[in-house]
Amino acid sequence: MVKRHPVRKAVLWGCMTTISLAIMIAVGSRDLAHFDAALVAYTFATLFATFGITYRYTMWLQRPPTAMYWKRGWQMFFKPQRLLTNIRNLFTRTSSDFAANRFIWKRGKLRWLAHWFIMWGCIVAVAITFPLVFGWLHFASVPGSLDSYRAYLFGFALFDFPVDSIFAFLMFHGLVWSSFAVIFGVMLAMWRRMRDHGAASVQQFVEDILPLILLFAISVTGVMLTASYTWMRGYAFDFIAILHAITVIFTLLYMPFGKFFHIFQRPAQLGATFYKDAGATSEQAHCRRCGEAYSSRMHVEDLISVQKQLGFRYEVAGEVEHYQWICPPCRRAMFVLAQTKQWQGNFGDQMFSSMHEQPAAPRFGNPVISEGPLGHEDQANLHF
Amino acid sequence: MPEAQYEFFIDPSRCIGCQSCVQACSECDTHKGQAMIHLEFVNRHYSTQTAPVVCMHCDSPTCAEVCPADAIKKTPDGVVQTARKPRCIACNNCVLACPFGVPKMNSGAELMMKCDMCYDRTSIGKAPMCASVCPSGALYYGTREQIEAQRPRSMPVNQFQFGQQTISTKVHMMVPRTAQPEHIDVLSAMHDHTSGHDIFLMMHDE
Amino acid sequence: MAQLPRSELEMIAAYGPHVAHAQGQRLEAGVEPDRLVKTHCCFCGQQCGIQLKVKDNTVIGFEPWYDFPFNQGMLCPKGVKRYLQGAHPDRLLTALERDPASSGGFRPIGYDAAIQRVAAEIGRIQAQYGNSAFGILSGASLTTEKTYLMGKFARMCLKTPYIDYNGRLCMVSAGAANKKSFGIDRAANAWDDMLHTDVVWISGANVAECAPITTSYVWRARENGAKIIVVDPRITPIARTCDLYLPIKPGRDIALFNGILHLMIKHDWLDHEFINNHTVGFEAVAEHVADWTPKRTAEVTGIAEKGIQQAAEWWGTAKTSFMTHARGIEHHTHGVQNVLGAISLVLASGRIGRPNCGYATITGQANGQGGREHGQKCDQLPGWRDLANPEHRQHIANIWDMPVEEMPQPGVDAYEIFRKIETGEIKGLLSLCFNPKVSLPDSDYVSAMLDKLEFYTSIDFFLNDSARHADIVLPGSLQEEDEGTVTQAEGRVIKINQAIECPGEARQDWRIIQDIAQALGRSKGFTFDGPRAIFEELRRASKGGVADYSGISYEKIEAQNGVFWPCPSDDHPGTPRLFEPHSWNPVAKGAGPFYFSDGKARFNVAPYTPPAEDVDAEYPLMLTTGRVISHFLSGTQTRRIGPLVDQYPEPRIELHPQLAMRLNIQDGDWVTAQTRRGEITLRAQVVRTIRPDTIFVPYHWAGQKSINRLTIAAQDPISKIPEYKVCAVRLVKATQAPAYASQLEPQQ
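Chains as they are written, first to last, in my numbering: chain A, 1 to 384; chain P, 1001 to 1206; chain F, 2001 to 2748.
Each hint should be verified, as a subset may be incorrect.
Chain P side only, calculated, beta carbon under 10 Å to chain F, not exhaustive [stated by the list, open to error]:
no., residue
1, 1022
2, 1048
3, 1070
4, 1205
Keep in mind the hints are simulated off the structure, nothing from the lab.
Where a beta carbon is used, it is the ideal one built from N, C-alpha and C, also for glycine.
Let the sequences and hints guide you as you build the complete structure.
Encoded structure:
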């Protein structure tokens, strides 16, 4: 059973993905024919990272709330009557949230700018380097033509292009462009982190600063390599190459542990949206104190089972059954009223109570504080 | 260590609903422009009673436990922080699970936000915004000695009962010293509308 | 002039009120301010200490000032968001001249040209009709230096008797009664004396919303065992959990006080020693209250007998007590009598002038205390001297270096100034820090009188609702753009510090006044180089008076976090608690603690009279008015601050469900209230926290939303305070939403 051997399961999955990748490298490079032996350290670091990431991902998926979301996310996605809409939403959300980082824009413009440049810089860099390292992608002169190159993917010829074309220049310097994007993004992020009092109070070196330093180091050493062979006749090239390798390998080893793991967790956001979409159109849960709808019945029931798995005992005797059936505004009101009860008899006030009439839902005193409620879910949480 | 000495105490019975806390909360550097504290009329039809609710900073936070993304972390000094931005997937579990009804969901930003006891202030020894400005003392930040000296009728409690579940918190709630309750049973208020005076009680019948 | 230069809607579009929200540097979490300026809130009479964050000559936020003793960092929402009044889109950056051809009704003109025009008009009107044809309206939110200058400007520069101020709408009833009873008008105690008292009595004071920081003192007293008694027609937030709540009918406070004194005498809950040694007139009062049996008291006040008995017992048997009240008992045609009744309870108990025993009115305006001490009242000279008293006139004439015979005699109160406009005696008017069109009762009349003036000039930082009628508007200064002192509710003189410079062509108000004096060719006595110089003259002028500031300096205020007047010498620490047993004062000269020649306090017989306009079959309900926490006075500032508008966007009519059911009104319905003066249509708020025979409407809004178009202009014969707190009204459910609902934003 999953629950009994979570570690064993994670190790198993880790091994499976790592071995698969190793096989892919062997096959994709035509039995290592196109594999650059100088890059072997990179390859092993990548294999380690693959294991680590898979291990952690599997462990993570086995936590009760994650498991619930994983299961429900797929269920809701593949629900036959929702599948078409879901696929359409998948495309729009992938482009707006992942490609454009729209949700980060909402969190902050500067944060968005920094993230967008770092993200796209990294994506381009990864798309170029990993296939090269694994020998999946390589270039060779077109036989019989000195001024053309031919690109090969997994050993299959793709297309030819002139050596001195703009296209060639852009492509062979792809890593330079991506480095510039990353450096720009990292500098914005560092500037923000050094300046923003809020960020300053919660950030941690290993979690928030180190990743920026690593990305910066990789990009700068990478650009230095280009600079070295382009303008400095290879000055200190070997030293820079080793330095670059160290930064990349360290980053690969760091990936399963630190902030970069969010790259793999983040897609779960899509699962959450499909779940919420399904919840919005399904039966609602009504608060057993005030009677107002506050969430989908499915979500409340799932949460109850998750809480039970986690060892919480929010069960309540009587008709309420479980505390989860009380809406958040009523929880806040009851929390305060329970204290009021303690003070009864000390001051002149009395408690207005009734077993028959349902207490009204508490109302937010200020309908438009600052920028207003934080969206439709917050609105449901507030009772205006 | 100022964190060890200073503690947060709330006494909703003092609250006058003035919203200073709400207005000051949006001046906090960790979520500028947005207020995280809750302040609701419990039932304005009956009474002016208002419910100020800050994050209670549970010892073992339900919100963090039910988070599928491991996004909610506690600092070494016991402050449960707002969701870590890279991780939060906006699933709403924490909003629905928090026994005190504290977290807020910022839908557009795909991010849970909540009171973090003004960590930008408390982590450097300053009082949180809400407790700094609160004109009624409903929200108070100070040492235990201070609050005991200033409030001879009250004592702090930090155990709350929800059905069979007991939750202990970093933030304390003031209850009468005469009552000496071990915990506050939140469900005891299930059928209570609000509290206040009945205007007819002291009105002269004509 | 005639009508408004353009329609109200057009003027609102051009000059607001528009709301401002935090943006730019005010919303960034990473901005390091250039400096923090320790100063005080610009709003109510508590004058909470606050530190303003200043960046690039803009106030971008605040930081609590924990060390200021009164509020220790606490602030109400107005204080928190006050920083948004600066750098506001509605801010007047130039002088304006009335111009019906311009879309907003005004065109900008140069500052000097505007001053010349004002001076020329003053000169013309005074030459044509006499000096007294020009009047001045001033305000109690100004620094004491400015209020002093305004009084001097009227008496010495314009030589007009007609100056009065908006403290007339605020604390004059308490002031007059305090003078009658104690010989001095100041809160008798610092609030600290509330903390360890047995009973706190709060009459007609919505402490939680109008003096929010005072709440912390009340609750701390309760923690120490005090009983809290609240008397109010509404269950205000402070009343919600008080120990005894007495739901009084508006305007019947004196009856309650007489009834309580009746019971105190009956049960001999009196301090005979104090009464015999330190007061006069008790017998007459005792005789007068003999008729005020609990039964009669209950019938008049609408409070159950058991409540009256309970209150009397707690008050009567207490060892220490603190009596406090505010506009709820003062805004009446018998406001002075109401306050005298409260004071009688204090004097009969003997609980004044010693630790943990106190009495105070809670002053409403920023400088409600200081603004009523130094000569901008119609009958007053600096240091609380009397304009009719030859000795006092001579003293001030010497300080001002003017012939005493040129000093005008006492004028009339602020409302009477408008009646004098009607009779044609006053042709020209200058107003500063006063928005009479919103804040005076029966305001349609006020509006018509503004239009009748030959010349009206208003000094303000925003185009307030009255200034729309002006011929010239002069761009004045915000509180944070100037320095000076104010005296807060406890009698503590504190220092406002300048945080930023005036923007554009805006000028500090004292400069504008001096510039007018100069343009008139009468600059003698108006060549101060700053507030400090004005304060130095004020110290000399107040020396020897009841409100003696001569020992106060800016440095001493800073060093002591405020100085309580009287402070008659440089080495005097100030006087937080008045009337201590062996205290000396310049009137009694050692004869006793009170400010009469025999040193004794006066009991005053305070007969009950019903409100000027009692209910009848036609208008069967009582209308009472007041504040909400997120707004201040006529809303010129707070209705421009977005988060405060969000908190309470528009006025509502508060009514009891019993009344609502009878009239078939649901919560949120449009309801029309009608009085003999006018009508207003607002949304209903149906709550059980108000007497069923009373409705409440807050007064901070203008135009169609201004409740003061309905209130009555009846005034107290002594203090001249208008009766805002009660008039007869009827209520009907509106058939449709008013036109303004679709034309105006909530705050407009």
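Now for the hints, and whether the structure bears them out:
no.: 1; hint: 1022; in the structure: 8 Å, holds
no.: 2; hint: 1048; in the structure: 5 Å, holds
no.: 3; hint: 1070; in the structure: 25 Å, violated
no.: 4; hint: 1205; in the structure: 8 Å, holds
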